[in-house]
Amino acid sequence: MGKEQFNMINMPDIKTTETAMLPFKVMELADIIAEKKRLSIDDALFYLYNSELYHDLLNPEMKLWYYGGIQLYELLEKEKLRERKSYPPKAERLFLIFCIEQYRLRDNLVSANVLERFIRLSVDRFITDNFEVLHSQSTEYILHEIDMFIKKRR
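Start counting the sequence shown at 1; every next residue gets the next number (the working numbering).
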């Protein structure tokens with residue numbers, strides 16, 4: 001049995017231009033990201049989906065669906081550059097990595113999954129924002145605080 005061709009016209013719930021254009025813009029932009037950054041398409045999609053630009057694509061006032069793929073890529077790279085400039089200092093980043101690894105070891109998880117969870121639940125910000133208090137505590141205390149933070153976020 002052959003692959004059925006995907007048909008956007010038959011998709012339900014497409015109510016706005018932004019919603020209708022989004023899959024096409026995401027595909028075009030993901031292809032550009034994958035090529036320029038030499039990433040897999042999955043990594044390129046992750047890169048895009050974790051950006052403000054992705055959310056801005058749905059904002060009707062911004063009208064980003066009029067932009068070409070290269071223009072959107074340039075906007076995305078400017079956003080990512082601003083994010084990199086706002087990274088926490090080296091000590092806080094090292095402490096965040098320590099927390100990821102300790103959490104991973106305790107719960108027998110994969111580091112990439114822990115990082116994804118920490119980002120999704122803003123645990124990474126919690127750790128770096130509270131570096132001064134947390135870094136001088138025991139590993140058990142730190143993990144307990146992370147658990148409590150996650151519990152409150154859910």
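Since the hints were derived computationally from the structure, they do not count as laboratory data.
Some hints could be false.
Below, simulated DSS-like cross-link-like pairs (lysine-lysine); rule was C-alpha separation at most 27 angstroms, straight line [unchecked claim]: (1) K25 to K78; (2) K80 to K90; (3) K37 to K80; (4) K90 to K78; (5) K25 to K36; (6) K63 to K90; (7) K37 to K25; (8) K78 to K36; (9) K36 to K80; (10) K25 to K80; (11) K37 to K90; (12) K63 to K78; (13) K36 to K63; (14) K37 to K63; (15) K63 to K25; (16) K25 to K90.
Restraint ranges, calculated between C-beta atoms of paired labels, are given here [stated by the list, open to error]: (17) Y141 to N113: 44 to 54 angstroms; (18) E77 to R154: 26 to 36 angstroms; (19) H135 to V110: 35 to 45 angstroms; (20) N108 to A20: 37 to 47 angstroms; (21) R153 to R82: 39 to 49 angstroms.
All residues carry an ideal CB built from backbone N, CA and C; glycine is no exception.
Task: Broken hints, by number - done: Numbers 6, 16, 17, 19, 21, in rising order.
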